[in-house]
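Enquirer: Quick note, the sequences are listed as chains A and H, same order. The letter at position 196 of the first sequence is residue 196 when you use the working numbering, and the numbering goes up by one with no holes. The letter at position 107 of the second sequence is residue 107 when you use the working numbering, and the numbering goes up by one with no holes.
Source of the hints: derived by calculation from the structure; they are not laboratory data. Be aware that a few hints might be false.
[Unchecked claim] Here are a few chain H residues that face chain A, going by a calculated C-beta distance under 8 Å:
(1) Ile169
(2) Gly171
(3) Asp182
(4) Glu185
Ideal Cβ placement from N, Cα and C applies to all residues, glycine included.
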Amino acid sequence: MSLLRFKFIILLACLPFIGVAQTLRVAVAANAQFVAEKLAQAFKKQSGIEAQLIISSSGKLTTQIEQGAPFDVFLSADMKYPQKLHEKKLTTAAPKVYAYGSLVIWSKTNITFSKNLSGLNNAAIKKIAIANPKLAPYGTAAEEAMQKTNIWNVLKSKLVYGESIAQVNQYLLTGNVDAVFTAKSVVLDPAQRGVGRWTEVDSKLYQPIAQGVVVLKASQGKNFAANKFYQFLFSAQAKQIFKAYGYW
Amino acid sequence: MQYQPLWLTLQLALITTGCLLVIGIPIAAWLAQSKFKLKPAVEAIISLPLVLPPSVLGFYLLLAFSPANGLGKFLNDVFGMRLVFSFTGLVISSIIYSLPFMVHPVQSGLEALPGSLREASQTLGKSSWQTFIHVLLPNVKPALFTGLVLSFAHTLGEFGLVLMIGGNIPGVTKVASIAIYDEVESLNFKAAHVYAGILLALSFCILIAVYIVNKHLTRSRLTS
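Produce the complete structure using the sequences and hints provided.
Expert: Structure (structure tokens):
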């Protein structure tokens with residue numbers, strides 16, 4: 001093999017590593033998808049570092065991280081999954097709450113819902129989608145809220161389960177369900193504005209959705225960027241963005 | 001750990017295979033003898049699920065089944081039927097998804113039969129229907145068996161499509177492949193192992209049966 005060809009092959013082999021050093025991989029729970037895009041934009045403006053978002057359910061991302069997925073920061077939809085990763089010593093520190101999420105009912109029908117969920121028992125609402133309560137905190141919260149009302153028995157038979165809040169939204173947008181429980185951040189996203197109507201669920205009906213963030217140890221060589229992004233999440237600017245998306 | 005998803009998967013695979021038997025054989029028979037100009041187009045459409053990602057099919061079915069428009073709206077308004085998130089919907093999508101696995105083997109089996117077989121039967125006064133049922137079909141037993149078993153096995157392995165249009169409802173649309181995905185996501189690897197192990201063993205046994213039976217059938221046909 002000629003030396004030139006050999007060099008070329010080495011170069012090719014190294015290609016995946018070149019230029020990636022400054023790209024941060026941020027694993028994001030589906031509910032925070034839109035706010036994370038906004039945050040990434042603001043972060044890039046401020047630091048010049050590009051954050052690439054990997055969006056999925058918290059449960060799936062946790063499994064992937066456990067199996068060595070090359071993510072640098074993980075924005076979960078709850079505290080449980082990042083805590084699990086922390087216990088397995090995969091994170092640099094214990095999870096910290098970056099935002100509290102709110103649950104809303106979203107529908108394209110003309111039915112009026114109240115914050116204690118009445119309206120969902122209307123016969124015109126045939127299917128209601130929630131995220132899988134086993135995997136997604138917004139699904140757990142939705143189930144909890146419904147169980148606290150006296151119409152739980154009626155609602156139970158109408159439920160279908162999305163694998164994450166993202167699939168739940170997709171079911172509503174394609175018209176396959178009549179109402180969904182989703183994150184407030186979804187309906188506040190500019191792209192969804194004007195699509196259907198939404199009602200905030202009474203926050204007394206469910207445990208606060210505390211969303212935790214961790215920096216992952218696997219983020220070797222990128223710790224500086226990862227920590228910078230982590231700090232950015234708690235900056236005044238980020239707080240403002242979170243607020244605009246309905247987090248508190 | 002529940003056995004319901006496995007049972008549901010078996011039901012789905014059995015019903016789908018049964019329907020495919022009824023739908024697939026006439027299609028295969030027609031394709032085998034047709035000189036229709038657009039036959040390649042029909043063959044291509046039937047084969048599409050072989051190459052298309054299940055997500056493409058899932059996406060289109062989600063739109064087609066939606067009570068908000070077109071076919072789904074018609075079914076919902078006229079029959080009060082919603083295919084999405086229902087077992088019937090899964091059966092219909094599985095039929096589309098596994099159709100080539102039924103049609104291809106039977107079609108090639110029929111095409112491989114010598115023309116003299118049909119001609120002899122018809123010369124002896126049998127109608128084309130009788131010829132098909134009593135002469136042609138019994139001669140493509142290995143192909144029929146392969147088609148049946150592969151359709152069954154392919155439906156067992158269905159995942160992406162169910163994930164997109166199923167809605168993960170226990171006892172209705174939560175099949176074994178989805179249950180595995182669920183358990184893995186909830187970090188419950190033990191249950192995932194049980195489901196996955198059973199599916200692996202089942203699929204292996206099915207395929208081994210195909211190879212053994214086919215070998216046997218082919219040999220007996222040659223010697224008889």
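Enquirer: Taking the earlier hints as the rules, which of them does this structure contradict?
Expert: Number 2 - this is the single hint that the structure violates.
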